[in-house]
Amino acid sequence: MLKIDNLHARVESQAILKGLNLNIKAGEIHAIMGPNGSGKSTLGHVLAGRPGYTVSAGSVTFQGQDLLALETEERAHLGVFLSFQYPVEIPGVSNMEFLKASVDSIRERRGEPAIDSVSFMKQAREACKNVDLDISFLKRGVNEGFSGGEKKRNELMQMMLLQPKLAIMDETDSGLDIDALQVVANGINAMRSPDRSFILVTHYQRLLSFIEPDFVHVLSGGRIVKSGDKSLALELEERGYGWLEDVA
Amino acid sequence: MADFMQQAVSAAAATAPDWLRDIQSRGRAAWQQTPMPTRKTEAWKYTSLEALKQPFAPGSRNVTATDVSDIRFPALGGPTLVFADGQFRADLSSLELPAGISLVRFEDASAEQAALISAQLGTAVLPHRHVFAALNDATLADGVFLQVDAGITVEAPIQIVWLTSGQSGAISMNQRLLVSLQANSQATVVETFANATTGGTPFTNGITELLVGRGARLNHYRLHLEQGNAVHIGGVHARLDQDSLLNGFHIALGSALKRIDVVVDHQGSGGHCELDGIYLPRDREIVDYHTCIEHSVPHCSSRERFRGIIADEATAIFNGRIHIHPQAQKTRAELSNKNLLTSNKAEVNTKPELEIYADDVQCAHGATVAQLDPSTLYYLRTRGISKEEAEVMLSYGFINELVEAIAEPGLQDYLKPLLARRFSRDSRLTRHLL
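These protein sequences, in sequence, are chains A and B.
At position 4 of the first sequence the residue is numbered 4 (my numbering), and the sequence of numbers has no breaks.
At position 95 of the second sequence the residue is numbered 95 (my numbering), and the sequence of numbers has no breaks.
Please keep in mind that the hints were generated in silico from the structure rather than gathered at the bench.
Bear in mind the structure is a predicted one, so any value in this text is a computation, not a measurement.
Glycine included, C-beta positions come from ideal geometry on N, C-alpha and C.
Treat each hint with caution, since some may be false.
Straight-line alpha carbon distances no greater than 27 Å define the calculated DSSO-like cross-link-like pairs of lysine-lysine that follow [what the hints assert, rightly or not]:
(1) B/Lys45 / B/Lys338
(2) B/Lys416 / A/Lys122
(3) B/Lys351 / B/Lys387
(4) B/Lys45 / A/Lys139
(5) A/Lys139 / B/Lys416
(6) A/Lys18 / A/Lys230
(7) B/Lys387 / B/Lys416
(8) B/Lys387 / B/Lys345
(9) B/Lys345 / A/Lys139
(10) B/Lys387 / A/Lys165
Here are some, though not all, of the chain B residues that point toward chain A, as calculated from beta-carbon distances under 7 Å [what the hints assert, rightly or not]:
(11) Gln371
(12) Ser375
(13) Gly384
(14) Ile385
(15) Phe398
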C-alpha cells in the first residue's frame, strides 16, 4: 500500500527526515514512536503534502502512484488521511459545511455525484454517535472552541465519514483522558479492515494497549532506528529511548 | 467645491415646501462655512473625492418601471417604499400599513405630520461636522418619514428601497430618511440602495436619522448593494434615549466610492447599541466606513464589529471612534475590526480611535489585518477540498459570523447567496455555503 524509500525532507532549511524507509501493507497498523523532535509529525505532514515541507531525496509510492507528485487534495482523494495533532479552528465555517464539502470532493473524484443532504446528515449523526460527540457540534464552527479531546474526536469523525485507505493518526492520544482514549481507540479499531492501513504516531505505549499494532518502529534523528512487534512498545515504556539513540 | 453641488444648493432653495425652509437654510449656512474636504482633512485622509469632479444632473423624472426592473432587492413582505432615480414609485411600492405607524413622504405629509417632521428632522445630525449632511439639508426637497407610536410593536420589516437606473448618465440624488420610534415601540427598518449594472454614474447623498425613544427597540439594516460607477456619500445618525436598543447592520459591496458615516449618540442612560458591518470592495473600488459612538451619559453600552474583505486593487477605510464623555461613567464599549486582504495590491486603512474622559469604564478595541491563513487552507485541502473552494469557504466564513447574527431571516436568505456569488461566480465553489 505505502512504500517509503530513503526519504529525506526539510522544513524550511532544517533537515528533519534523513533516510527513512517504511513499507506498509494493506490492513496493517504501524505504530511510530520516538522522542520529541525525531520527525514523527513531519512524516505525517510530508505524506499529506504540507506546503513548505520539501522532500530533498527519496520516494513515496502509494498504491503504485508517486504520492509526492500529487497536490495535497489529490492525496486525500486517493485515500490518504491525516488526523492532526493540533486541528485548526475555523470560525464562520460550520463543521457540517466543511464535512460535506470534504465528502463531496472525494466522491466527485471517484466519479460519484454529491451526497444528498438527508443521507449525509444521517451519516454525520451516526459518526458523531460513534465518537461520542453531541450532534450540536455539527452546527458549530470547525473545531471552534472545542476542547482538546473534542477536537481529536472531530478528527476521528472525519476519518469515519471519509473512509480513507491510509490513516495517519498524529498523536491522536495526546491530551486525552482515559475515557476519551477508549472512545478514540474503539473508533480506530472499528475502522480496521483488510484494505485499510494505519500509521499511529504516538509518544506513549498507553494507546497501544487498546489498539494492537502489527509493527512498532522507533523514529530517531529522522530515521527508523528499530522495528519490532508490540513488545517493542513495552520495552520502550520501561527503558525509554536513550539506549536506541546510542544505537543510532 | 463642485459646481453642480453649488447649483443644487441654489436650486433647492426655490422649490422646497415652506416648512423645510428652516432646515434648508441651516444646511446652507453649514455648507457655506464648512470647507470641502481634501486629502489633508483628517477624516478624509484616505478617501479621494476625485469622482465628484464631473458634473452631475438631477435625477430624471422619466424613469420607467422597466428601467429598474432588473435591479434586485430583498422581498421581505412588509410595507415597502421604492424610489427610482430619486423619484417615488407608487407602482413598485407596497403601502399597506399596520396600525400605529406613519410612513409618509415629506411631499405628502399632512400639516400634522409636517409639524412632527419639522420638530425632529435634523436633531440627530451635526451638519457642521458632516459636510455632506449639510449638503443634504441644504438641498432637501423630499424624504421619507417613519414614526412608530408609543408602545407599538411592528412585526413586519419596513423597507425603503432606493434604486438607480443605468440609463441616466451622471445623476445626483439627495435622499433622506427620518425614523422616529416613540417610547417602548419596536420596529425593523431595512434600507437598500441598489443600481442597474448596465452603466450610469449615480451620486447618492443618503442621510438617515434614527431617533430611538425611551425603551424602544430598533433593528436597522442599511444595505449598500450599489456597484460599478456608483458613488455614495452619506450616513446614519442615531440618537438613543434612555433604555433604548439599536441593532444596526451595515453592508457595502464595493463601487467607485462609498463613504458612510455611522454616528450613534447615547443620550439616555441604560441604552445599548450593537453595530455590525461588512465591506467587500474589489477591483479598484473604495469603501470607507467612519463610525462614531458618543457615550454622553452613564450606564450605556455599545458593541461594534466590522469586517472587511478587500480584493484585487481595492481600498477599504475603517475608522471607529468611541468617545466617552467625562460624565459617562460605567460605560461598556467594545470595538472590533477585522480585515482580510486577498491580494497583494489590496489596501486597508483601519484605525480604532478611543477618546475616554471617564475613569470608571470598560473599553476594549482591536483591529486586525490578515491574509487567508495557510495552515487553515492546508487543513481543508487534506480533507480533499480544492484550494479554490477552500479559499471561497474561508472568505465567506470570515464574514459569515456577522451574517448569521442577522435577526431578520428573510434578509439572511437574501444576503447569503449574494455574498457567496461575490466570492466566486463559479457555483461549484459556493455549493457548500448555501
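- Which of the numbered hints are not met once you compare them with the structure shown? 3, 4, 9 and 11
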